[in-house]
Amino acid sequence: MSVVARLIEARAARRQKPLIAFNAATLRLGGKTIIENLDLQVRPGEFLCIVGASGCGKTTALRLAAGLYRPTSGAVTFEGEPITEPRREVAIVFQDYGKALLPWRTAAGNISLALEASRVPARERGARIEALLRKVGLPGHADKYPTEMSGGMQQRLQIARCLAQEPTTLLMDEPFGALDAMTRQGLQDEVLSLTQASETTVIFVTHDLDEAIYLGDRVIGLLPHPGRIGIELDVDLPRPRDQLATREHPEFLRLRRQLFDFIKATEH
Amino acid sequence: MKRAAILWRVASVLVAGSFIAAWQLVADLRLVSPVFLPGPDRAWAALVRGFSSGDLAGKLIGTLEHMAYGWFAASIAGIGLGALIGSSKMMRAYVAPSLEFLRPLPVSAIIPVAIAMLGLTQGMALFVIAFGAIWPIMLATIHGFAAVEPRLYEVARSLQMSRAAIIAKIALPSALPDILAGMRLSLTVALILSVVCEILAGLDGLGHWVLLSARAFRSADLFAGVILLGATGYLTSIAVSLVEQRLLAWQAAAR
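One line per chain: the protein sequences are A and B, in this order.
FYI, the UniProt record's numbering numbers position 63 of the first sequence as 63, with every residue one higher than the one before it.
FYI, the UniProt record's numbering numbers position 104 of the second sequence as 104, with every residue one higher than the one before it.
Next comes chain B alone, as it looks inside the complex (with noise of 0.2 Å):
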């Protein structure tokens, strides 16, 4: 079982290790141009001088910022609003409707109507972000709110919990893998929203240096930028996914 586990990851890694030797090749044989397709070394090269000269280390903490406070404000008002009308039949049958319009809305197609708002800012960066964000959250937490065991609510309302209680105690752990879910989806969200604020919007972050660098033919530091979007994808889902196991160390000790 163990050892099938290693050979799995080492098979992982193999494959990925195969990926890099079939875009060196490719590089290397020039099936590609090299103004448009440098090799991984010299990706990598890019990538390392990019953050020793300094401006890909604050490019990159620029686009965390902007998928970090929009994901945050983004859980706080989906939490917060997906409660809210989850906890009450009442509530879902008039919001419902609504929602299920706004939902499958492309984020793209309000971003003009946040710039001609907002302006070319920060302020409509978090908007957008959030607002596309928003969604997986609270749909998930409007769902971990309706899906709460009714049984639950007797016990809480035989031991006479206050109101607060309840929801802290009951609905919103009963409710924490859904909502943790939908953050994790979001997560993803947020990072490609980031990028497209910042290549339309010409905010400091990753999307700017990667648009600068496809319009000044410099292949290597554009792909050293994608592959930064990556592993920030990559590393920040780990790093939820780590904190959901946390939190839902119960779950595991039920299977």
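This is chain A alone, in the form it adopts within the complex (with noise of 0.2 Å):
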């Protein structure tokens, strides 16, 4: 066998591994059973969208990945060890971008938070801050305080932040639920290109069906009251998306007519 072979037979092996494996997790807090007996794998490389009614613990699935949670029982892995501690490799984009952004920082200096953190020398910092605000679409933004700018940027900040992480693995927690629809439409297309691009793995939660049917290489839909897998969906489309050929694609309308059906359901 070749070394190419090899190595592309080593890449393969790699990708089957999954990057974050939920093991028959459990969370319980206060009393409450919030996840119950969740068994997920999500591959190298992949965008898992998960979806459900509110209250059925996408979020705390979530934050158990991070490991701002610890699973009551089961486990939560990384590369197949238990998740116990947030990872410097894995960055977490919250919903509440206006909480979550320093207000006393400038963008430049709120993407410097992360550098510092993963001590980058100071002179190296302004041109990987210049580099990310640009990637985001947010050049010439550096000495503008979050409270100056809309929504949308702040948003385009947080993830620019994360992804001075560097990170393999991107956790979104319904990033886009406090923006308007053609904002969340722009965002969602960036988003596809730079975790694309850098295969970087992404779980986005949402509780907007299409958006994830959208995003997704597969979507997970959960069952509330105790959180657990009620539907899982490959989403096969072709890539890159489109905002108007993907939707209109016959498959998506079959899924999103799926998808719909199983949220219908859970809500009674």
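Source of the hints: derived by calculation from the structure; they are not laboratory data.
Fair warning: there could be bad hints in the mix.
The calculated DSSO-like cross-link candidates involving lysine-lysine, where the alpha carbons are at most 27 Å apart (straight line), are [stated by the list, open to error]:
# : chain 1 : residue 1 : chain 2 : residue 2
1 : A       : K17       : A       : K264
2 : B       : K2        : A       : K32
3 : A       : K135      : A       : K99
4 : B       : K2        : A       : K144
5 : A       : K99       : B       : K2
6 : A       : K144      : A       : K99
To be clear about the criterion: a stretch of chain B counts as covered by chain A if any three or more of its residues have a C-beta under 8 Å from a C-beta of chain A, and this derived list gives those stretches [to be verified]:
# : stretch
7 : 106–120
8 : 143–154
Looking from chain B toward chain A, a few residues come up when the C-beta cut is under 10 Å (computed) [claimed, not checked]:
#  : residue
9  : P173
10 : S174
11 : L176
12 : L180
13 : A181
14 : A249
15 : W250
16 : Q251
Values in this document were obtained by computation on a predicted structure and should not be read as measured data.
Where is the CB? At the ideal position from N, CA and C, for every residue including glycine.
Work from the hints to combine the two standalone chains into their complex.
Written out as structure tokens, the structure reads:
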């Protein structure tokens, strides 16, 4: 076997091994079972979307993967190791960007926070910050405070700070939930192009079913009380996705119907 | 808008000017005996004389020193203790009742205790001023540290920031508006207590000057001292406000 073939095989094997795995993960908080016996594997490079009615534990599942919670029983692992604390290669984009940014630091300063935490030397930070701002479509806004920016810009800034961590995995908790439809579509495409190019693994929590199908390689629907998997759909839509063509694709419509029926059934 | 601001400024100067004019009038008409009430002209002359003869400047420096040392000591201790208590829910629960007992205690009540323990010394003055001035700073710091957005702590955790970095880069800047407001309040307390200590313990300062002038019926000197104390309070407060504006420039951006 040639070296190249062996390398390809090794890469394929690595791809098969899950990056993040929930093994019968259960979480109880304050006497309530939030998540019960969750089994879920996230493959490296995968874009996984989690949907579900409110209170189904989708944000909790994300926080388990982030290491912000530890499971009461079962395990959540990253590359086979139990996740006990947040790790630098896993970045979290919170929904409430207004609270997740430092109001006393400018856009550049907020990105710098992540670079400082990774001990990037001060003289290298400037260029890195500029590149990151350009990457998320905020060039020329380095000296603005978050409060001087629109919601969409603030969320871009938070994404830039997460990218400054150089994560292999991006956990996104309803990141566009508070944004208007146009801004949301723009950011969906940007997140896709940012993560697909770098083969970043993404777990994306949303309550918007169309968004989940549009973005994901796979969509998981959770059942509430306690949270567990109710439906799992592979999204076999061509990439790159397109806001018009993808959303008109018969497969898109079929998945959408299936997912809507599932959510409707859980609401009873 | 800008013109309105200028007009307000002019009006406030006019009000101050008419106060001084009224004071001059009352003095000139001898509605109050000149032994007790000098006119602004005599008070001003006493002020100039006090500075040119040299001892008023010394008294002013004495008061400023008492005030500054006490205020700095209160700031350092208040911010340190406030951060310690404010950043831990358990500490807040344990310490809060004791604080609620100590806080409303009139500081003047502890002066005899301080004199008994430390004598009529600079150390006594420092202790009393710091003890009085610490409360606004410490309570504001506790509040500021307790009110840090929890989401920011999660951001810090996900960035794996050290405890020291979290305090320096997240908690302290977040609490800074509260801390500075507390420091501005306690500045006034420090000035009041400086004067009280100087009067009670005979320490060198404007309080002592005012007391001696009153006893000797040198009303012009007395008023010169009072005017100087007012100016001290006013100018130090402005100085702190300027520092505050600089440090909190990001808040102006939010408006």
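Structure-inconsistent hints, enumerated in ascending order: When the structure is compared with the hints, numbers 1, 2, 5, 7, 12, 13 turn out to be violated.
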